[in-house]
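> Here is what each chain is made of, one letter per residue.
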Amino acid sequence: MKAGNAFMNMAIDEAVCESVASGGAPTMRFYTWAPSAVSIGYFQGLNDEVDTNAAKEFGVDVVRRRTGGGAVYHDGKGEITYSVVVPENEMPKGIRESYQLVCGWIIESLKNLGIEAEFKPINDIIAGGKKISGNAQTRRNGVLLQHGTLLYDLDVRTMFTLLKVPKEKISDKMIQSVEERVTKILNFGNFSIQDVYDAMLKGFTNGKECEIGSLSEDEMKKAIELAETRYKTEEWNYRR
Amino acid sequence: MHGVSTEKVAGGKLLRVKVDFEERIKNVQITGDFFAHPEDIIEKIEASLGNLGLDSSEEQIREKIENVIAKTGADVVGIDAAAIARNVIKAIGAI
Numbered sequence: 001m002k003a004g005n006a007f008m009n010m011a012i013d014e015a016v017c018e019s020v021a022s023g024g025a026p027t028m029r030f031y032t033w034a035p036s037a038v039s040i041g042y043f044q045g046l047n048d049e050v051d052t053n054a055a056k057e058f059g060v061d062v063v064r065r066r067t068g069g070g071a072v073y074h075d076g077k078g079e080i081t082y083s084v085v086v087p088e089n090e091m092p093k094g095i096r097e098s099y100q101l102v103c104g105w106i107i108e109s110l111k112n113l114g115i116e117a118e119f120k121p122i123n124d125i126i127a128g129g130k131k132i133s134g135n136a137q138t139r140r141n142g143v144l145l146q147h148g149t150l151l152y153d154l155d156v157r158t159m160f161t162l163l164k165v166p167k168e169k170i171s172d173k174m175i176q177s178v179e180e181r182v183t184k185i186l187n188f189g190n191f192s193i194q195d196v197y198d199a200m201l202k203g204f205t206n207g208k209e210c211e212i213g214s215l216s217e218d219e220m221k222k223a224i225e226l227a228e229t230r231y232k233t234e235e236w237n238y239r240r
Numbered sequence: 001m002h003g004v005s006t007e008k009v010a011g012g013k014l015l016r017v018k019v020d021f022e023e024r025i026k027n028v029q030i031t032g033d034f035f036a037h038p039e040d041i042i043e044k045i046e047a048s049l050g051n052l053g054l055d056s057s058e059e060q061i062r063e064k065i066e067n068v069i070a071k072t073g074a075d076v077v078g079i080d081a082a083a084i085a086r087n088v089i090k091a092i093g094a095i
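Protein sequence lines correspond, in order, to chains A and B.
Each step along the first sequence adds one to the number in the working numbering, with nothing skipped, and position 10 is 10.
Each step along the second sequence adds one to the number in the working numbering, with nothing skipped, and position 56 is 56.
Just so you know, these hints were derived from the structure itself, not from any lab.
The beta carbon of each residue, even a glycine, is placed where N, CA and C say it ideally should be.
Warning: the hint list may mix true and false statements.
Computed footprint of chain A on chain B, listed as stretches where at least three residues anywhere in the stretch have a Cβ under 8 Å from a Cβ of chain A [stated by the list, open to error]:
id	region
1	35-49
2	65-74
Pairs of lysine-lysine residues, derived as DSSO-like cross-links and limited to a Cα-Cα distance of at most 30 Å, are as follows [as the list claims (entries may be wrong)]:
id	chain 1	residue 1	chain 2	residue 2
3	B	K44	A	K184
4	A	K222	B	K44
5	B	K44	A	K164
6	A	K130	A	K164
7	A	K164	B	K8
8	A	K56	A	K131
9	B	K8	A	K93
10	A	K232	A	K222
11	A	K120	B	K8
12	B	K44	A	K232
Please build the complete structure, drawing on both the sequences and the hints.
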């Protein structure tokens, strides 16, 4: 599990997609965000979703994902993000079914920690009736990319400072209401982030033939190029 | 003129439709936390709504969007043609 900045994290996911599209092995990746970041869904308006001044002030990167879904605050120490890149023809054809399959691996990961969770269509996982994981998927060039986060810890106040909710709404009442809807692994026990990673590794790879590796030189080169030419650019991030 | 309409689609995702218009629709932008792929389906839908008359009915707009989606075979999840059409009409009426 490696920490990367927002632009490289998204660029690596795309570089791996290209690699799998040209016949490379299906790949799972686990990563964190350094510095903390906000990612927005492909179809969201950046200015609708993110307080960019607050992001600058907090030293938080902002990036548009290639996948749909909502704006996410990725706390550097508050979550583990995964990505799964696999040829489309090895996955269920339906979007809901393929979400369910990959989300099943997260549910299994949580089970490894003794946490009961369930899939909540379209793209969420809930534990104890509250959201603990959000997921986003796209398909391009015959390759399916699904990435998502598993919440380990949650700083609701920072999240709402960065995401565009009118400041007056960041009242204790609202924070309580988010905490009523969202949960985190630390609510279920005193696990370390390493415990969570180990549980995810086991949950994602169980029953599959896997080997642990690192990015190829070509993938890294492509990722650096994509970070510079796409994910760091205003043209990409402010396209909507 | 510029109008915006936002809706949390029942059982789906948040949809925000922004419309620039004068005598006719000039530009439509569809944003939200929905999913669609190939992703350019949304740009194709937006383009198909440019230059529509302001007297277009919700039904006409919905059919137009449905045709674009059917033609490309794209998957759109969390919003649908009816929701987009409904919010185009609302955005125009919001002025």
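> Could you tell me which of the numbered hints above are not met by this structure, giving the numbers in increasing order?
When the structure is compared with the hints, numbers 2, 3 turn out to be violated.
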